[in-house]
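Trainee: Protein sequences appear in the order of chains W and P. Going by the working numbering, the first sequence opens with residue -18, and the numbers climb by one from there. Going by the working numbering, the second sequence opens with residue 729, and the numbers climb by one from there.
A hint or two may mislead.
Said to hold, decoys possible - Mimicking DSBU-like on lysine-lysine, the simulated pairs with C-alpha atoms at most 35 Å apart in a straight line are:
| hint | chain 1 | residue 1 | chain 2 | residue 2 |
| --- | --- | --- | --- | --- |
| 1 | P | K786 | P | K838 |
| 2 | W | K352 | W | K225 |
| 3 | P | K786 | W | K112 |
| 4 | W | K112 | P | K838 |
| 5 | P | K838 | W | K126 |
| 6 | W | K277 | W | K126 |
| 7 | W | K126 | P | K766 |
| 8 | W | K374 | W | K277 |
| 9 | W | K352 | W | K18 |
| 10 | W | K126 | P | K868 |
| 11 | P | K786 | W | K126 |
Unchecked claim - Computed far set for chain W versus chain P, every beta-carbon distance over 10 Å:
| hint | residue |
| --- | --- |
| 12 | K225 |
| 13 | L242 |
| 14 | A310 |
| 15 | Y315 |
Hints listed in this document are in silico derivations from the structure and should not be mistaken for laboratory results. Don't be surprised by glycine CBs; every beta carbon is placed ideally from N, CA and C.
Below are the chains, spelled out letter by letter.
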Amino acid sequence: MAGKSKTIKVDYLARVEGEGALYIRYDDHGVHEVQLKIFEPPRFFEAFLRGRDYTEAPDITARICGICPVAYQMSALHAMENALGLMPTEPLRNLRRLLYCGEWIESHMLHISMLHAPDFLGYPNAVAMAKDHPQVVQRALEIKKTGNALVRLLGGREVHPINVRVGGFYRVPNREVFQALHPQLIEARILAELMVRWAAGLPFPHCEQSYECVALSSPREYPMNEGRIVSNRGLDISVQDYEKHFREQQVPHSTALHSVLIERGAYLVGPMARYNLNYPQLSEGVRGLAEELGFKAPCNNPFKSIVVRCLEVLYALEEALRLIDGFQAPDEPYLVAEPKEASGCAATEAPRGLLYHRYAINREGKITFAKIVAPTSQNQKTIEDDLRLMLPKFMHLPEQQLQGLCERAIRNYDPCISCSTHFLQLHLQHEAKRNS
Amino acid sequence: MKQKETPERWLLVSLGNRFRGDDGVGPYLLDRLRSQLKENADFLESGNDMVTLVGRWKDRQVCLLDAVFSDEQPSGDLIRVNGLADVIAPSVCTTSSHGFNLREAIDLGKALDSLPRRLEIFAICAQNITCGDHLTAEVKSGAERAEQELLAFLQADTGES
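Given these sequences and hints, build the entire structure.
Mentor: Rendered as structure tokens:
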């Protein structure tokens, strides 16, 4: 009797904040192998969401990341609402956008000032940089504080907010509380403009790349929570069709899955992709400043992503002001839905890029399936391609400088593999030297 | 007649993760102190976000409540450190998101002229920081002893009974 085939399949989402390593094999003729190794153990979020109530998904998935928990909450609740047929009202929609503004500000400023800026100014870390450039760090921390205040106000606390729920919010603050943030936002906007000007004056390695940029896009606004998924090479799909065009694949050197476009391979998500695809949706003020400084989209030098992040922070502050000024209290803090057997998906724009969630729930509202595709796994292949294409131009550099440049190239992506500015074990292997 | 000056409020800050066993001793202690001190102090559950702390603690009197590992002292013991005067041992330097630790936060505070006026660290020796939302018995009783010491310290400092 033929044995019945059985398969044990454990889906996992390897989160990558933690340890990473880079392996590059090259010789005088070129680069032969680049591996961004992620060996952080899988965290099994997709597996342990199963059996939990659909209402728990936003809070459970928020724990995936301490830097961008709002992004996980937003993608989770939009996916659940998609499954249940809930449509957030305009006031609720605006409040979610405001919360997302807070997270972009927090996350981008942390990366810009504490992780990325020391690379450009030649310091080993932010503390060393702050001794000589205290104003840069002070400004960044002031701006970040404003982002924290927005997240605290709407989310209940700064990290891992607790006020978000499927259908809306547990509680909505009143107009006066929002208005009290107005002066702080105005002040932060002034500082953010100074940050853009400062970042635009940094020295950038010459490194123009040719990316397939992928981001949400909407005729209505610069994307955060909604839109179609588009690219600069003709992709234009609804979020529901995401899995028809994108595939995750396993590579031996990484516990994080690599995501590829089925038709074309590697692609770029994140601030540069959003910027390149949605430049006209930025405010006139942000576009004006970008153009004055010579940073009009498209931007295809990953080292210049620090400028794009600064511009996105400026935009998020302007947007937060607009939303606060136009604040309308929702009739109810949340919409109610009866659980039913259904499935739904959503993508939102996390600070680091497109974040896709899909869930299935049963008629009791228990999750039977979860799939989460994080931005870092989508960018992982592109990071390796960046290194492969960039290195031949810099082979003349001493090994230590080359190593530093490789680390910088990875930090351009603000990957969640990084727990520190110096997270990499780098193995540069020169074939000729090895064989001699 | 000269008015008696109001004592400056302390900012009590917990570090650590409630869901990592004894690492949750800081938040545990903060909850207990909050219920006793109520409006007489400010409270902040900081997780491990040191960057935010640098923005919050400037010119304040700050008490940090945290878990610590020690090779020399048994779990539940209290280690007190003056954060501005003493050398902070690596074991007290909790690693935060993106690896920004307490010692770096103090160094950053110095560079930015954003230090607290006083920084008292109450660190309780931990035993087990695996996943879970409960403290080991030794750490729990250590936290309760630390609470008494901290309340006595604050009372002596503010002159309030």
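Trainee: Of the hints stated earlier, which fail here?
Mentor: none
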